[in-house]
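2 protein chains.
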Amino acid sequence: MAQILLGEPVAAAIDEKMALRRIALKNKGITPTLAIVRVGDRGDDISYERSVMNHCEGVGVEVRQVLLPAGTTEDALVQEIKNLNTDASIHGVLLFRPLPEEIDDDRVRNALSPEKDVDGITDSSLIGVFTGSGVGFPPCTPQACIEIMDHYSIDLRGKKAVVVGRSLVVGRPAAMMLLSRNATATICHTKTVDMPAVCREAEILIISAGHASMIGKEYLSVGQVVIDVGINVNEDGSLSGDVNFEEADSIVDAITPVPGGVGTVTASVLIKHVLEAAEKRAETKCGPAI
Amino acid sequence: MAQILLGEPVAAAIDEKMALRRIALKNKGITPTLAIVRVGDRGDDISYERSVMNHCEGVGVEVRQVLLPAGTTEDALVQEIKNLNTDASIHGVLLFRPLPEEIDDDRVRNALSPEKDVDGITDSSLIGVFTGSGVGFPPCTPQACIEIMDHYSIDLRGKKAVVVGRSLVVGRPAAMMLLSRNATATICHTKTVDMPAVCREAEILIISAGHASMIGKEYLSVGQVVIDVGINVNEDGSLSGDVNFEEADSIVDAITPVPGGVGTVTASVLIKHVLEAAEKRAETKCGPAI
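Residue numbers (the working numbering), protein chains in the order written: chain A, 14 to 303; chain B, 14 to 303.
Hints are computed from structural coordinates only; laboratory data are not their basis. Note that CB positions come from ideal geometry on N, CA and C, so glycine has one too. Please note that a few of the clues may not be correct.
Not everything, but these chain A residues come out facing chain B in the computed CB check (under 7 Å) [stated by the list, open to error]:
1. T144
2. L181
3. T199
4. K204
For lysine to any residue, the following SDA-like pairs were computed, each having C-alpha atoms within a straight-line distance of at most 20 Å [claimed, not checked]:
5. A:K204 with B:E216
6. B:K204 with A:D119
7. A:K204 with B:S166
8. A:K204 with B:S146
9. B:K204 with A:E114
10. A:K204 with B:N195
11. B:K204 with A:S193
12. B:K204 with A:N195
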């Protein structure tokens with residue numbers, strides 16, 4: 014039986030620290046505020062939005078919802094983002110993606126001010142991840158993977174880490190963040206030949222494949238830590254990850270469950286970024302404490 | 014005996030194509046021009062500068078040398094770059110790095126206009142490499158590695174590619190370029206545990222370790238293609254790569270020599286970028302041909 018790396022204690026530990034930082038901000042008269050921009054009514058967006066709003070309430074971060082109809086034009090969406098950029102009461106912006114097909118994702122995401130880009134979607138944030146400069150905020154999902162491993166004292170230094178998936182939201186930034194932690198990072202994808210063999214060699218396995226239970230025992234080996242980023246809705250409405258949990262449970266050392274794993278931590282990471290954005294702004298305004 | 018992947022035929026093939034594109038530009042009254050900015054008198058800078066100038070002369074690209082004394086201030090260097098940004102007669106800028114220690118590399122490299130950044134040093138160019146968007150120019154050295162493999166019809170799709178070194182000049186962009194070609198990319202570095210074992214698993218091995226002959230037979234296996242980016246000056250003044258050539262020669266399928274390998278192709282890639290920059294500017298000015 015593998016150790017189950019539950020997300021809830023990780024999220025709780027982050028939230029607790031954030032509540033203290035929230036008080037420090039309150040004492041300076043600052044109310045950290047997140048704007049959520051949603052186009053249309055996609056089910057996963059609404060479900061993540063609810064989770065974010067619950068977390069924000071718990072920590073004392075305000076939320077402003079900017080809800081736009083499904084037919085919103087690209088120009089109108091860019092204008093909403095520009096308004097949020099110049100709105101001093103907003104510290105961070107969460108934009109739900111993927112956007113409707115007719116909207117240019119690159120133009121919209123890069124319209125956001127880097128200092129409010131708390132989910133690491135702009136090129137400016139991604140370059141911080143790629144160069145390891147630490148400037149800007151990394152995307153919340155790969156950071157949640159790292160937070161989980163940190164919380165459970167899983168050392169990444171020198172480890173063979175394999176990431177399945179090469180998206181800009183999870184796979185590529187995850188690999189770069191592993192590299193910054195001195196892991197040896199490999200990125201697999203749909204064109205990888207004999208992916209099971211590549212995955213079996215990993216000590217740390219981060220899976221963002223987008224296919225329910227795709228990763229079965231042939232991909233796994235004894236001693237591995239498996240972080241399952243996938244969230245797939247089954248026919249009966251239940252959720253499952255990209256990893257066949259039962260098969261993994263009997264082989265690997267540790268695994269995140271779905272639900273209850275990475276997804277549980279992402280909202281807390283987002284809120285952490287909102288507070289950091291508010292703190293940075295306060296510093297810039299008042300000058301750093303001497 | 015391994016196949017020796019000589020750089021010279023690769024460079025010649027690029028130069029030949031570029032000479033044709035140079036003529037097309039000449040017919041439009043455009044003289045593609047590269048500015049070389051050098052601070053101080055480092056030996057490798059001068060030697061690469063000479064190679065670039067020879068290639069430029071061969072293809073018909075003009076060079077303007079901006080030679081600054083070793084004690085040049087950061088502000089003065091940034092000002093020189095800004096002058097080149099606004100100088101319409103300049104299409105590309107090559108800035109020799111590393112810069113003197115007292116100069117902020119990030120500030121200087123990002124002062125360069127992305128459209129003149131023919132050696133892919135700005136964040137703006139690097140984000141194109143990281144996202145695979147194809148926007149901007151990639152750094153010339155990792156692109157030279159890819160050009161060599163393309164020239165010798167080495168298919169990258171699905172291959173296990175291992176890059177040794179995680180610099181922003183070679184290692185990280187090389188891994189991302191391999192990924193864009195659908196290889197499975199791994200990045201190794203000084204903290205990698207049992208690097209020889211990781212390297213032996215590779216089908217494509219790109220080495221940018223910075224240590225003469227560090228990669229011996231324990232890192233190599235039958236069937237590999239080895240691209241040696243290292244250029245090290247031996248005590249007797251001769252050059253050698255990061256790979257122990259004699260040991261590699263008897264094991265692997267194909268290897269680039271040092272000298273005569275990657276370094277031979279880099280200047281041609283740079284000139285290709287200068288011509289592309291001039292072509293893009295011509296398009297923007299006159300509109301694309303209909």
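To see whether the hints hold, each was checked on the structure:
1. Interface restraint check for T144 of chain A: the shortest CB-CB distance to chain B comes to about 6 Å, inside 7 Å, so the restraint holds.
2. The closest approach between the C-beta of L181 of chain A and any C-beta of chain B is roughly 6 Å, which is under the 7 Å cut-off, so the hint is satisfied.
3. Contact between T199 of chain A and chain B, as hinted, is supported at the beta carbon level, the nearest pair being about 4 Å apart and thus within 7 Å.
4. Of the supplied interface hints, the one on K204 of chain A holds, with its beta-carbon coming within about 4 Å of a beta-carbon of chain B, less than 7 Å.
5. Between K204 of chain A and E216 of chain B the alpha-carbon distance is near 15 Å, which keeps this suggested pair within the 20 Å criterion.
6. With a CA separation close to 35 Å, the supplied pair K204 of chain B and D119 of chain A exceeds the 20 Å bound.
7. Between the alpha carbons of K204 of chain A and S166 of chain B the distance comes to roughly 19 Å, so the proposed pair stays at or under 20 Å and holds.
8. Between the alpha carbons of K204 of chain A and S146 of chain B the distance comes to roughly 18 Å, so the proposed pair stays at or under 20 Å and holds.
9. Taking the CA atoms of K204 of chain B and E114 of chain A, the gap is near 42 Å; set against the 20 Å cutoff, the hint is violated.
10. Restraint check for K204 of chain A and N195 of chain B: satisfied, since their Cα atoms lie roughly 6 Å apart, inside the 20 Å limit.
11. Restraint check for K204 of chain B and S193 of chain A: the C-alpha separation of about 11 Å stays at or below 20 Å, so the hint holds.
12. Note on K204 of chain B and N195 of chain A: the hinted pairing holds, with a Cα-Cα distance of about 6 Å set against a maximum of 20 Å.
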